[in-house]
Amino acid sequence: MYWCIYSLFSEKRGKSMTNRKNIFCTIFLIGMFAIMLCLGGCLEDASKKIAQNQDSHNYEQTVNAWIWVYQSDNKALNVYNAADGSLGASFTADVHPMMHIMQAGPASEPTLWMADGYTACSFTSGFHPHGDHAHMENPEPYQTIVVGSKPTHMGMSPDEKLVAFANDGGGNISVIAVETGAVTTVSHGSPHSAALLTDNYLITTHMDEHWLKIVSISDDKEIKKIEIGANAHGDAYYHPTDTAFIATDAGIEVIDINNMSHKKTIPYTEPGRTNFLYCNENHRIAIGLHKTSTNETNKILVLDMVDESLSYVEIDNASLNWNIQTGQFALSANGKKAVISDMTSSKVYVIDVDNQSIAFKKVQTIPVLSSGVAVGIDVTGDHVWIMDNDYIYPIDVDEGLLKTDSRFKVNGGDWIHVTSFDGEVINET
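Each residue of the sequence shown is one higher than the one before, starting from 118 at the first, in the working numbering.
Please keep in mind that the hints were generated in silico from the structure rather than gathered at the bench.
Accuracy of the hints is not assured; some may be wrong.
[Claimed, not checked] Distance windows between CB atoms, simulated:
no., residue 1, residue 2, range
1, Thr297, Glu339, 36 to 44 Å
2, Ile340, Gly517, 45 to 53 Å
3, Thr482, Glu226, 17 to 25 Å
4, Asp513, Glu339, 22 to 30 Å
5, Glu339, Asn506, 15 to 23 Å
6, Asp190, Ser333, 38 to 46 Å
7, Trp328, Thr482, 17 to 25 Å
[Stated by the list, open to error] Dumping the calculated DSBU-like pairs for lysine-lysine here, alpha-carbon to alpha-carbon at most 35 Å:
no., residue 1, residue 2
8, Lys380, Lys341
9, Lys267, Lys416
10, Lys416, Lys342
11, Lys381, Lys520
12, Lys520, Lys267
13, Lys520, Lys416
14, Lys278, Lys380
15, Lys342, Lys381
16, Lys464, Lys479
17, Lys526, Lys380
18, Lys192, Lys381
19, Lys526, Lys479
20, Lys416, Lys338
A quick note: this is a predicted structure, and the numbers were derived from the prediction, not measured.
C-beta: ideal position from N, C-alpha, C; glycine also.
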């Protein structure tokens, strides 16, 4: 090829060069250039296609999560891979609504617990941790355990080795060892008690009577009875200071578990009360769903469990319901972001509850297709999903956009829940 180029364009090619050679070289070079242009064009098109493909699927490829969808009509619990919408597992379970779901240990295999009737059931979360990484696997049944009548409120110990169900029908508490399934029944409950687990004790309450009990689980013994406000409903625990927070009509009761004493009552500064508190026991901020006489509000209570103070996030023109039985609220497992649906407008709100930004009350409003949609959020709060009719839609939190082009179809449902892992994931599904 070099010789042909030289012979065509060099002034020193000489008269000995024949016309036939010139014609041959010309044809050869034209053919080579044509091939190069064709290959170049093909390579360019392929790279564009790859880039477009990566862009169009970038959201899904970066997400390793399971979306749990529950249908109460047929008691179906279906689990979908968030990356592609494929069905990873399907179970039959008679369970209470979303507010009564939680993850627990043992550390080798996190599990998801829920209950209703006389039965508590659990499933593997779909992630098998190995230190700084986890293997993503299809969820499987873990344990099915007989508990008391009408298990309602739940609790989990800070070390994730115990879960507890307050049985409204019997006024007792079923405390389950996650690894073995052994059940300890504690009698010091009430017809609608808390089931708050601390490092060493169980905290129970009464809706109609003004007391809180600190109970030893192993011997079912009342250690201390403390007077608090009426209608105790909603609780949180801050592990670093061993402090419990109980929502009552009077405000948030602060209980020093170490000294077994009532520290103070934090009064509400807005009309109404908080009926549910949600938190990660190692994160200083708890979120309270605020209850008013109309059952709807535009405010969310923010409880700082270190400063032992409260404030409110006010969302302009929002209509929020304190009772999220059908899954209109979710808190990330690390406790740093929450998502809640508007009950009358087609919007969801992502709230940053990290202690570094809570003073700014950062709220992101994201338009969706319907009001009152069920929501779910991953462990870090970086990814949010909604369920609207028969579809799951991811939300790009950074862009504040509903990803309608990345939706996938499910067989309907009442609420959703998300399990994920904070770290490197090896996908084995």
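How the hints compare with the structure:
For the hinted restraint 36 to 44 Å between Thr297 and Glu339, the CB-CB distance of approximately 26 Å leaves it violated. At about 49 Å, the CB distance of Ile340 to Gly517 agrees with the hint of 45 to 53 Å. One distance hint, 17 to 25 Å for the beta-carbon pair Thr482 and Glu226, is violated here, with the actual separation near 38 Å. With their beta carbons about 51 Å apart, Asp513 and Glu339 fall outside the hinted range of 22 to 30 Å.
In this structure the hint that Glu339 and Asn506 lie 15 to 23 Å apart at CB is violated, the actual value being about 49 Å. Asp190 and Ser333 have their C-beta atoms about 42 Å apart, which keeps the hinted 38 to 46 Å range intact. For the pair Trp328 and Thr482, the supplied restraint of 17 to 25 Å is violated, since their beta-carbon distance comes to about 41 Å. Among the hinted pairs, Lys380 with Lys341 is consistent with the structure: their alpha-carbon atoms are about 14 Å apart, no more than 35 Å.
Under the criterion of a C-alpha separation no larger than 35 Å, the hint pairing Lys267 with Lys416 is consistent with the structure, at around 31 Å. Pair hint Lys416 plus Lys342 holds up; C-alpha atoms about 33 Å apart against a cutoff of 35 Å. Restraint check for Lys381 and Lys520: not satisfied, since their Cα atoms lie roughly 46 Å apart, outside the 35 Å limit. Straight-line distance between C-alpha atoms of Lys520 and Lys267 comes to about 39 Å, which puts the hinted pair past the 35 Å bound.
Distance restraint check for Lys520 and Lys416: the Cα-Cα separation of roughly 27 Å lies within the 35 Å cut-off, and the hinted pair is therefore satisfied. Pair hint Lys278 plus Lys380 holds up; C-alpha atoms about 28 Å apart against a cutoff of 35 Å. In summary, the hint linking Lys342 to Lys381 is supported, as the alpha carbons are separated by about 15 Å, within the 35 Å threshold. Restraint check for Lys464 and Lys479: satisfied, since their Cα atoms lie roughly 16 Å apart, inside the 35 Å limit.
For the hint pairing Lys526 with Lys380, the CA-to-CA distance comes to about 50 Å; that exceeds 35 Å, so the pair is violated. For the suggested pair Lys192 and Lys381, the alpha carbons sit about 43 Å apart, so the restraint of at most 35 Å is broken. For the suggested pair Lys526 and Lys479, the alpha carbons sit about 32 Å apart, so the restraint of at most 35 Å is met. Taking the CA atoms of Lys416 and Lys338, the gap is near 39 Å; set against the 35 Å cutoff, the hint is violated.
Checked against the numbered hints listed earlier, the structure breaks hints 1, 3, 4, 5, 7, 11, 12, 17, 18, 20; every other hint is satisfied.
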